[in-house]
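Chains as they are written, first to last, in the working numbering: chain G, 1 to 365; chain B, 1 to 308; chain A, 1 to 353.
These are computed hints drawn from the structure, not numbers from a lab.
Being a predicted model, the structure only gives us computed values, none of them experimental.
Think of the CB as a built atom: it goes at the ideal place given N, C-alpha and C, for glycine as much as any other residue.
Among chain B residues calculated to face chain A with C-beta under 7 Å, some are: (1) 217; (2) 224; (3) 225; (4) 227; (5) 273.
Below, computed lysine to any residue pairings styled on SDA-like, alpha-carbon distance capped at 20 Å: (6) A:86 - G:47; (7) B:127 - A:261; (8) A:261 - B:135; (9) A:261 - B:7.
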Amino acid sequence: MKVLLSTKMKTQGKAGVKQVIVSFGATVFALALGMLLIYAIGFDPFSAAVAMVDGAFGGKNAFGETLVKMTPLIFTGMSYALASRCGLTNLGMEGQLYMGALAGTATGIYVSGLPAALHLPLTILAGFLGGALWGLIAGALKVRFGASEIITTVMLNTIAISFIDYMVNGPMIEPPGINCQTQPVRSTAQLPNLISGTRAHWGFVIAIVFVVLFWLFLWRSKRGYEVRVAGLNLSAARYSGIHTDKNILLVMFLAGGLAGLAGCNEILGIQIRMIPEISPGYGFDGIAVSLIGNNTPVGIVIGALLFGAFRAGGNRMQIRAKVPNAIVSVVQALVIFAVVASQMLLDKWNEYQMKKINRQESEVA
Amino acid sequence: MDLLQTIGGYLFTDIRMAAPVLLAGLGLLLMNWSGLLNIGAEGIMLIAALSAVAGSHYFGSVWLGLLLAMLAGAIFGLLFAVLTVTLRANQTVVGAALNILGLSLSTTLNRVLFGIETTVTKVDAFKVLEIPLLSKIPVIGRAFFAQMPIVYIAFLLVPVIHYFLFKTKPGLNLRSVGENPRVADTLGINVYRTQYLATIVGSTIVAAGGAFLSTGLLDFFAEDMVAGRGYIALAAVIFGKYKPAGIMVAAMIFMAGNVVSNVLQVAGIGIPYTFLTMIPYILTIIALTIFASRAVAPASLGKPYKRG
Amino acid sequence: MKKCLAVLLAVLMVFGAVAIAGCAKEDKPDVSKPEETKAGEVDGGDKKDLSKMKVVALLSGVITDNGWNQICYESVKNLSDKYGIKLEYNENIAVSDMAEYIRTYAEEKYDMIIVHGSQFKASAEEMARAYPDSHFCLSYGFRVDASTADQVQDIPNLAYVGPVNMGVLIGAIMGILTENNKVVFLGGQDIPAITDIVSGIEEGVRLTNKEAEVKTDYLGTLTDADLAKERALAFINDGFDVISASANTAQLGCLHAAEEKGVYALGFNGDQYGVAPDAIVLSVMRNYPAIYEDVFLSIAEGKWKSGMVVYTLKDKGTVVSDWHGWDKKLPKEKVDAINDVIQKLYNGDLGDY
Chain G
1 MKVLLSTKMK TQGKAGVKQV IVSFGATVFA LALGMLLIYA IGFDPFSAAV
51 AMVDGAFGGK NAFGETLVKM TPLIFTGMSY ALASRCGLTN LGMEGQLYMG
101 ALAGTATGIY VSGLPAALHL PLTILAGFLG GALWGLIAGA LKVRFGASEI
151 ITTVMLNTIA ISFIDYMVNG PMIEPPGINC QTQPVRSTAQ LPNLISGTRA
201 HWGFVIAIVF VVLFWLFLWR SKRGYEVRVA GLNLSAARYS GIHTDKNILL
251 VMFLAGGLAG LAGCNEILGI QIRMIPEISP GYGFDGIAVS LIGNNTPVGI
301 VIGALLFGAF RAGGNRMQIR AKVPNAIVSV VQALVIFAVV ASQMLLDKWN
351 EYQMKKINRQ ESEVA
Chain B
1 MDLLQTIGGY LFTDIRMAAP VLLAGLGLLL MNWSGLLNIG AEGIMLIAAL
51 SAVAGSHYFG SVWLGLLLAM LAGAIFGLLF AVLTVTLRAN QTVVGAALNI
101 LGLSLSTTLN RVLFGIETTV TKVDAFKVLE IPLLSKIPVI GRAFFAQMPI
151 VYIAFLLVPV IHYFLFKTKP GLNLRSVGEN PRVADTLGIN VYRTQYLATI
201 VGSTIVAAGG AFLSTGLLDF FAEDMVAGRG YIALAAVIFG KYKPAGIMVA
251 AMIFMAGNVV SNVLQVAGIG IPYTFLTMIP YILTIIALTI FASRAVAPAS
301 LGKPYKRG
Chain A
1 MKKCLAVLLA VLMVFGAVAI AGCAKEDKPD VSKPEETKAG EVDGGDKKDL
51 SKMKVVALLS GVITDNGWNQ ICYESVKNLS DKYGIKLEYN ENIAVSDMAE
101 YIRTYAEEKY DMIIVHGSQF KASAEEMARA YPDSHFCLSY GFRVDASTAD
151 QVQDIPNLAY VGPVNMGVLI GAIMGILTEN NKVVFLGGQD IPAITDIVSG
201 IEEGVRLTNK EAEVKTDYLG TLTDADLAKE RALAFINDGF DVISASANTA
251 QLGCLHAAEE KGVYALGFNG DQYGVAPDAI VLSVMRNYPA IYEDVFLSIA
301 EGKWKSGMVV YTLKDKGTVV SDWHGWDKKL PKEKVDAIND VIQKLYNGDL
351 GDY
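Using the sequences and the hints given, assemble the complete structure.
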């Protein structure tokens, strides 16, 4: 009996090690498939891989670029994860990101006469609110009308992007009105550089602060607990007296705000002004980031690091190895499939092992 | 009479634009009733749109192109099924990854297959098939009976799938899997096999919608040409209350948004084009909020089923 | 938590493994490089060898978009074919990444960096100031009313390059072709590389047709060819009988619509006759290949010009395709009128275009 118990615990202890091996295997497998694909369409996969790593981690500048790409991904990853924790599917990060960027830009341009110590926080708050209110629309439609947020958030993406096209070509266009972009935000609203000689900016620090807040909210607050319970089973939560409707509204508000910060930080730290197409798909990448991070704070940072490295390295891969960067997206998709599959395979394997032990147990008994 | 003819013209356009969304919606419906929520229709349609052109180009027949597109759809469907049914992975995540894969892979393969030329490769495409006599009916004749064959197929699939889902034993089994897989399992229905079949067959129907985009109205592939129709199809399923006829109505209403945009722009009353672009999407949201009801979705939609 | 650490470890290990595998491979080309350069210098002698010029095109989209990016690809391809330079380009560059791309090439002292699109204006200006040794060409759209001039900054190694008055040429031809006196031009989006054309259409039509109704609007898409076709059909059903569009692949949908309904169309950006041979009378093309060849030679010969580098119709900044037999199909007076107006626009007889 004792022996069996210890085997059981050992099996669980080994799970961590196993997970490393399996996830490693999955990522290698996906990258190998990607390299095979690169070879198949007529490029050198090895120089592509070297360029990719070099572009992501080879030196201060490269790492700075990875941090730049990580920053919005941390926010969109948290946005998706937070909604997920509440049992919601927020596919509207892209739209919320744009609305946050727009609100931040407007505050950064049109509010004047404030010192940076006030203007910058105010602008960031505006960016948060811009995304939050856009997210809240989907939440309200769900609570009030039962409209699935999966659909409404996607529709709101397109609407937001069209609206931004209108704003930067119309009311907010930089005088005299030739280029479809706004004027730059005031210097008091710009995020300072984090590592000199790179483009990495203080938005990264803000992102990390929000990761901590994300953790505090979900695991250290009563509301966060309710949200997680609701996420496990919405109807059960409703019976146990948790106000699910209120939680849905709150979570969509916060999730939208987080995505809004992704856009706002990108404006204040990198772009300085609003233009159409500020996001090369950070919103949808958030899904993958939270998946790899398993909806946990540290995991999201790691997921963002992986996908940030993909984006930074992918650029370098195109420059050095001439590989069209659509391939990077193919590889990203393969990584998602592989990681998902490996996590699930491991779960199955563990189940199987447990069953076997249980069977042995019962035989002994 | 003139007004009636104009309306007939709008209807004609509406039906033609609704066809790909309808096909995608019907395919998704089969998956939904088996309990699987696949948001990857956009990606399936993109890879299908490219495959249709490639097939039509290499085999010289648009029907073989359609076949290749459906095959590509089936492969994507199989991938989805392996990950979500056998491995019980999160369906939304896998669907989102399918979208990424469909977009990037179709872009890459387009380059590999057709190279870099200013004039796109033109291929055999669907032609209008006028049904004699019926197409002469005033006002609606052309709209209903002077379309491309694949449009007829799309609309004929509506009663076929309805009959299958609600009047046949396999259809009943499929729906019971979506409602309560555990009960279905105890009744001796092979849940996994049902879900696999639903996904693969459903994906080929979605793919047919993608094929229509590239070889129906047009005869070439353009990167990202699906432009959100896969998501609109998702909305059509919900708006259509998970019934084929409902999806048909939904697809026609949503695409009427595009007809309205066209009419408004031709009329030239000065609405910024960015707002015209929003119309179909706003229409979709409004339709969902007015008509969405909490109760109609299959009870186990989106939840992985674990046997035993 | 464990899961995350596991993934992190996995990621790092993968990158590490790949780096090791790759580094081992990379050694070889490094050795051979210096030799190559030496050989080149000997060959060139005292005369500047143009094949050693380093040129790169940085693009916002893919080179197969049948439009804006493809024409730039063809420009560098042309340089590569003619002068033996290495063909280098990068696609799908996000606005937020452009500065990084430019920096990479500027650090390597590229002679000519083509930044293709006005949305990259801020990045190009910032980088041009930071790297005075490279020549930067920002592909730009110039409106007919010269209002664009205010946007140009005086940076000695940055040129804003593009043709102008293309829309006037298109409009003038459309004005002659129309029989119902209704012509329409559809842009993809309201961006400088498209508004520059839209801004000249009406003026051009007026040169040849005082009465015609001229409509210009935007499709709101550069990729949704099905939507573009339906939109064009709606215009044609309303009596518009000459159509032209600038919307990358989406514009092909408009050309299809013209062919289906049997009205005239004008191709744009490339010779698009093959897309709809029964509709496309002529194609009008931005002559970026010639423009960038000109700029390339000006750098090579030390005659570089910064600021607004505009190619008018007179400078052949815009070219018109072959008739492809349409001069036989059209009524003779229309053919003559079109030939005549093109000639006059190129000669400057109708004003300073």
